[in-house]
Structures are given as structure tokens and as C-alpha cells.
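Chemist: Produce the complete structure using the sequences and hints provided.
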Amino acid sequence: MSIDKDTAARVAKLARIKVEEDALPALAQEFNTILGFIEQLNEVDVEGVEPMTSVTPMRLKRREDVVTDGNQQDKILSNAPDAREGFFAVPKVVE
Amino acid sequence: MSDLNKLGLAEARDKLRAKEVTSVELTQACLDAIEGAGALNAFVHNTPDLALEQAKAADARIAQGDAPNMCGLPLGIKDLFCTKGVPSQAASGILEGFVPEYESTITQNLFDAGAVMLGKLNMDEFAMGSSNETSVYGNAVSPWRRGNEDTPLTPGGSSGGSASAVAADLCLAATGTDTGGSIRQPAAFTGITGIKPTYGRCSRWGVVAFASSLDQAGPMTKNVRDAAIMLETMCSHDPKDSTSADIPVPNFEAMLTGDIRGKKIGIPKEYHMDGMPAEIDALWAEGRDMLKAAGAEIVDISLPHTKYALPAYYVIAPAEASSNLARYDGVRYGHRATLAAGDGITEMYEKTRAEGFGHEVQRRVMVGTYVLSAGFYDAYYNRARKVRALIKKDFDDVFAAGIDAILTPATPSAAFGLGEMTDEDPVKMYLNDVFTVTVNLAGLPGIAVPTGLDAQGLPLGLQLIGRPWEEGDLLNTAYALEQAAGFVAKPAKWW
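Residue numbers (full-length UniProt numbering), protein chains in the order written: chain A, 1 to 95; chain B, 1 to 495.
Mixed in with the good hints there might be a few duds.
Unchecked claim - Quick list of in silico lysine-lysine cross-link-like pairs, DSSO-like style, CA-CA up to 27 Å:
{"hint": "1", "chain 1": "B", "residue 1": "K307", "chain 2": "B", "residue 2": "K428"}
{"hint": "2", "chain 1": "A", "residue 1": "K13", "chain 2": "B", "residue 2": "K493"}
{"hint": "3", "chain 1": "A", "residue 1": "K5", "chain 2": "A", "residue 2": "K18"}
{"hint": "4", "chain 1": "A", "residue 1": "K75", "chain 2": "B", "residue 2": "K15"}
{"hint": "5", "chain 1": "B", "residue 1": "K392", "chain 2": "A", "residue 2": "K61"}
{"hint": "6", "chain 1": "B", "residue 1": "K351", "chain 2": "A", "residue 2": "K92"}
{"hint": "7", "chain 1": "B", "residue 1": "K428", "chain 2": "B", "residue 2": "K263"}
{"hint": "8", "chain 1": "B", "residue 1": "K351", "chain 2": "A", "residue 2": "K5"}
{"hint": "9", "chain 1": "B", "residue 1": "K292", "chain 2": "B", "residue 2": "K269"}
{"hint": "10", "chain 1": "B", "residue 1": "K351", "chain 2": "B", "residue 2": "K393"}
{"hint": "11", "chain 1": "B", "residue 1": "K351", "chain 2": "A", "residue 2": "K18"}
{"hint": "12", "chain 1": "B", "residue 1": "K393", "chain 2": "B", "residue 2": "K269"}
{"hint": "13", "chain 1": "A", "residue 1": "K92", "chain 2": "A", "residue 2": "K13"}
{"hint": "14", "chain 1": "B", "residue 1": "K493", "chain 2": "B", "residue 2": "K15"}
{"hint": "15", "chain 1": "B", "residue 1": "K240", "chain 2": "B", "residue 2": "K307"}
{"hint": "16", "chain 1": "B", "residue 1": "K307", "chain 2": "A", "residue 2": "K75"}
{"hint": "17", "chain 1": "B", "residue 1": "K428", "chain 2": "B", "residue 2": "K392"}
{"hint": "18", "chain 1": "B", "residue 1": "K428", "chain 2": "B", "residue 2": "K6"}
{"hint": "19", "chain 1": "B", "residue 1": "K263", "chain 2": "A", "residue 2": "K61"}
{"hint": "20", "chain 1": "A", "residue 1": "K5", "chain 2": "B", "residue 2": "K428"}
{"hint": "21", "chain 1": "B", "residue 1": "K307", "chain 2": "B", "residue 2": "K392"}
{"hint": "22", "chain 1": "B", "residue 1": "K240", "chain 2": "A", "residue 2": "K61"}
What the hints assert, rightly or not - If you want a taste of the chain A side facing chain B, the calculated C-beta under 7 Å gives, among others:
{"hint": "23", "residue": "I17"}
{"hint": "24", "residue": "T33"}
{"hint": "25", "residue": "F37"}
{"hint": "26", "residue": "M52"}
{"hint": "27", "residue": "L60"}
{"hint": "28", "residue": "R62"}
{"hint": "29", "residue": "V66"}
{"hint": "30", "residue": "V67"}
{"hint": "31", "residue": "G70"}
{"hint": "32", "residue": "N79"}
{"hint": "33", "residue": "P81"}
{"hint": "34", "residue": "P91"}
Source of the hints: derived by calculation from the structure; they are not laboratory data.
Being a predicted model, the structure only gives us computed values, none of them experimental.
Positions of the beta carbon are idealized from the N, C-alpha and C atoms, including for glycine.
Modeler: Shown next, in the form of C-alpha cells:
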């Protein structure tokens, strides 16, 4: 599997990271180096092996479905780059 | 009394209890040491006022006879931990200006026990790196140097600031975190002790997430006893972390007897790497002899899937990172790019993340995005998780056969110079974690202990890997190794 410039651009788009056109070939090359390294995994016989979901044999805990926290609007908004009237503000999404 | 900053946790605790020193004195000694150590770039957000306030409160507690183990002991805290009212940036530009409104469970545990925070410590951005060269704050520098050279060396990474600060006696101990070796590799590079506990021992709540199924915090200290003391305080069951283990935390320090007679120590043949420096091989052989002389039984073992640990890690960790780091979108906290006229929300995300994330973080997020994308999920991500299951089974099998702990080198070399790996391909840097990453994939406890110096006078460490949840036994084996090795070297002060 070799990653070309277009694939690199598509991955950057999926990751929502702006990559300038002239940086794409080098990025594709880096991906290829890393993926080449990862290819070794194809040597392993994984027939019948379940993918690991939890490294320790534990069940995820359940809790009562009740409100345990809240009423912290000021604290939640305190780090926002743009907060107005109790909301996070972002550029217009809907025309 | 001078040089109080050079004390370890146990020594300082005993002196505090004996009323020979005060926490304010200890704290001031560390603040003075930090003040004079700008060249190391270890502390990146200093909190001297908070530290002295906490120290006074600790002295009051000690005067009343209410002194838990960590009471009054000044620490450095890795920048990955969210600390209330104190900048917490994970060494990333994207969290510029972020000041948490809450305290991580681990720092809360430490503060509840009376510990003092001197400030936040440098690290690789989002803990992604092995040399502390990806930090938005610039490189942390090791206090160690090669012989008489003045080439600046890496303290390792990602907990490079923690390692540098502890090795240079800027604090008594520090917190670290370890996703693929980020406590143990820098500990080995700087001649200190670092333990990553079993996955689930330390709460991840309030610790900026990198790869959630691998991340664990732990202490970085001047000796094994200090690691035992600080680890006990850091560990707790935390309902706010769904993977936090609900099992009792023992008194680890009380388990340090130094008696390892009859313990079975495994030596995995797959950790003999081609091209490994002779010094590392010799160090490993010496460690084996020391444990044998202390009465342990040395057993040759095999962990057949070792070779595949790094490639599996470089699928799983970026995959989880790409998901975890999706939250940095310029909306709720941190940096937001300045937008051009007509830019919409997608441009805001893309520009914010391009400006806020450094190169290595961008690369890993994109690799993670790729291996999780439609058509590749099975070929990469699911295959890596299957290989991970096999790696864990390798360990399960040797433990089932009666092995108590496994001895390996901690790193494939001594510390390298800052910038020396810049022109190498990224995989070369990843190889730093070759001996440590298996432990994260299997969720096991691992500890790095300094046991020798290389020909250039740089520290080298060995790693011991323990059974899950048996940190006490692991620490005791490490204690026996420490006693036998008698490592006392310190870097000569040049900063």
C-alpha cells in the first residue's frame, strides 16, 4: 500500500487539519515510512484471535442514570475562545 | 541546612516528622534551585506562591501530628495534568491559555496528602515523543553531559521535564505519564527511578488523554523507596474514570524488604536486539547476576510476539489519539485561528488545528485517521488489536509458568544529543520505546532503575516488569536490584 498525494490530502481533510498543497508530497512520504513499518503486522498469524477491547479483564462499571453534576455554565465557558450570552460562539454554520 | 532540594521523599519526610526541617524550608530550597536552572527548561509554569502557601499549610498539619507520607514534600507536576487555576497545556500550542476549572484526581490525591506543587513540567506535545523535542515550550535539557563535552542531551520523553527536574534536584520528585515508555525511558536516560503501574491503578481523570487504553501515570523519583511512597498516594479507585480499578492499594513501602530469595526472574530472549550496544548487553548481564546473587532464580523465557509490539503500538496509539484529539476544535478551550472573511466552521477547525498542533502531533493524528478510515479499519486497527491480544498472552503464559518478574534493558542506548535524531525518519525515534512499549500494550506494571554508567559517563537503566496489580512485589525486586547496583552518580552542575 502506497500513499499518494491525493490520499494524503484526503486524510488531512478527514482529520480537519489544513495542509498546504506543497507540503503534501513530504507528508505522503512520511505516511509511507510509518505504514511500511506497520506492514510487519501482516506476518502474524491472527486466525481465531479476538481483537483486544480491554487490557484488564474488567466490566465497565454502571451507575445510576441520574444527574450528579451541573450548574457550572460560567466555569464551562471560562476557557472558550468566543463565548456569548451563555453559549459557545462559532462562525455561521447554516446559511 | 543547605541543599534541602537534594533530599529524596523518604529522607525529607523523616526530617519533617523529626522537626529537623520545615516544608517551607524544603520548598524554598527547591524554588531557589528552579530559579537557577532556566537552562534546563524543565519547569514551564512556576507556581511559587501556591507552593509556599501549600508548604505553610503542610507545616501546620505536621505540627498537629497529622502528617501523611507526602505531607510537605515539594513536587513538580507534568504539564499533562490538569491543575485548577494553573495553566495546563500538555505542551501544546492548541491549549495556549487553558486554565482548568478542576483538579486531576492524581494531583488532588497528592494535595489531599499535603504535597506541595512547585510548578508544571515540560514534556513532548500531548506526550507524543521520546526526546522532549516536540514541546511548544522548546526542548527540555538533561542535566547530564557526555564526559567533558557541552553538547546538550535529551532527558528523554515524553516526561522529559520531569526527568530533568528530578535528576537536577529541582524538586524532590515529579509526576510522569507513560503511554509507550514515557516514564521509564526518561528515567533511564537521567539516572532516576520511574514506575508505570498496572493499567487502572492511577485514575486518568483530569490527565489530558493521548491513547486512553495505554495511558497510565506514575511517579518519577530519586530512588525505589520514594517511588513506593509516592505511587501509593497517587493510586486510588476513582468513579470518574471508568477503567479505574476498584481494588485496595497496599502500603507499597512496607513491602520493601529487599528479600527476593526464591523469586523467579525471567530473561526474555527476544529482547536481545540486533545491533544493540555491547554496553547495554553487559548492563543487562550484570543485572541478571545481581538478582541471582540476591537469591533469585534466573529463568530464560520467550515472549514470541515482542517484535510486533512497536508496529501494533503505532497503529493503536495514533488511532486513539486521532479520536481523543478531535476535541481540540477551537470551540470550547484553547487556541482558535484568526479567520478570513467568508471562512466557515470547517475552515475554523482546519486552520485552528494546523496552527495549534505541532508537526509530530499532526502526523500521528493523520496516521490514526488513516488506519481507522473506511476500508482500512480491519487491515490495520483490528489486526493491531489482535496482535495486542497475542502480546498480552505472551506475558500471561510466562506468569502462569511461575515467573515473578521480567528483567530487560530499559532503553536501547544512553541519552542522545538534542537534534541528533531530527533528520532521521520518524520510525528511528520510535525505536527508543522498543523495550517499554510491550508493557503498555499488556497493561502491566514496569519500573526503570538506574544501574550503571556508559563509557561517556551517562546513566543506563534496567527495566523490571511485574505481574498485574503486584506493584508491591515489583518494587521490592527493584529495591533489591537498586541495593545491589548501588548507583549513586549525579550530574555535575553546569547550569
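Chemist: Give a verdict on every hint.
Modeler: Here is what the structure says about each hint:
Distance hint between K307(B) and K428(B) is fulfilled; the C-alpha atoms sit about 15 Å from each other, no more than 27 Å. Distance hint between K13(A) and K493(B) is unfulfilled; the C-alpha atoms sit about 48 Å from each other, more than 27 Å. Annotation: proposed proximity of K5(A) to K18(A) holds, straight-line Cα distance about 14 Å (limit 27 Å). Only pairs whose Cα atoms come within 27 Å are accepted, and K75(A) paired with K15(B) is rejected, the gap being roughly 41 Å.
A C-alpha spacing of about 23 Å is found between K392(B) and K61(A), which places the hinted pair at or below 27 Å, so the restraint holds. Between the alpha carbons of K351(B) and K92(A) the distance comes to roughly 16 Å, so the proposed pair stays at or under 27 Å and holds. At most 27 Å may separate the alpha-carbon atoms for a hinted pair to count; K428(B) and K263(B) exceed this at roughly 36 Å. Distance restraint check for K351(B) and K5(A): the Cα-Cα separation of roughly 20 Å lies within the 27 Å cut-off, and the hinted pair is therefore satisfied.
Between K292(B) and K269(B), the direct Cα distance comes to roughly 17 Å. Compliance with the 27 Å bound is thereby established for this hinted pair. At roughly 43 Å between alpha-carbon atoms, K351(B) and K393(B) are farther apart than 27 Å, so this suggested pair is violated. Note on K351(B) and K18(A): the hinted pairing holds, with a Cα-Cα distance of about 6 Å set against a maximum of 27 Å. Between K393(B) and K269(B), the direct Cα distance comes to roughly 16 Å. Compliance with the 27 Å bound is thereby established for this hinted pair.
For the given pair, K92(A) sits about 20 Å from K13(A) by alpha-carbon distance, which is consistent with the 27 Å threshold. For the suggested pair K493(B) and K15(B), the alpha carbons sit about 25 Å apart, so the restraint of at most 27 Å is met. The hinted pair formed by K240(B) and K307(B) fails the criterion: a straight-line CA distance of about 35 Å is larger than 27 Å. Between K307(B) and K75(A), the direct Cα distance comes to roughly 47 Å. Violation of the 27 Å bound is thereby established for this hinted pair.
For the suggested pair K428(B) and K392(B), the alpha carbons sit about 25 Å apart, so the restraint of at most 27 Å is met. For the suggested pair K428(B) and K6(B), the alpha carbons sit about 35 Å apart, so the restraint of at most 27 Å is broken. Only pairs whose Cα atoms come within 27 Å are accepted, and K263(B) paired with K61(A) is rejected, the gap being roughly 35 Å. A C-alpha spacing of about 23 Å is found between K5(A) and K428(B), which places the hinted pair at or below 27 Å, so the restraint holds.
Taking the CA atoms of K307(B) and K392(B), the gap is about 13 Å. The hint holds against a cut of 27 Å. A distance of roughly 10 Å separates the Cα atoms of K240(B) and K61(A); the hinted pair therefore holds under the 27 Å criterion. A cut of 7 Å between beta carbons decides the hint on I17(A): the least distance to chain B is about 5 Å, and the hint holds. About 5 Å separates the beta-carbon of T33(A) from the nearest beta-carbon of chain B, less than 7 Å, and the hint is met.
For F37(A), the interface hint holds, since its Cβ comes within 7 Å of a Cβ in chain B; the closest pair sits about 5 Å apart. Taking 7 Å as the C-beta contact cut-off toward chain B, the hint placing M52(A) at the interface holds, the least distance being around 4 Å. Hint status for L60(A) relative to chain B: holds, with the closest Cβ pair at about 5 Å, below 7 Å. Taken as an interface hint, R62(A) does not check out: its beta carbon lies about 9 Å from the nearest beta carbon of chain B, beyond 7 Å.
Interface hint at V66(A): violated, since its Cβ lies 13 Å from the closest Cβ of chain B, which is beyond the 7 Å cut-off. At a threshold of 7 Å, the smallest CB-CB gap from V67(A) to chain B is about 15 Å, leaving the interface hint violated. Evaluation of the G70(A) hint against chain B yields a violated restraint, the C-beta minimum of about 14 Å exceeding 7 Å. For N79(A), the interface hint holds, the least distance from its beta-carbon to any beta-carbon of chain B being 4 Å, beneath 7 Å.
Restraint check, P81(A) versus chain B: the minimum CB separation of about 4 Å is within 7 Å; hint holds. About 5 Å separates the beta-carbon of P91(A) from the nearest beta-carbon of chain B, less than 7 Å, and the hint is met.
In this structure, the hints that do not hold are numbers 2, 4, 7, 10, 15, 16, 18, 19, 28, 29, 30 and 31, in rising order.
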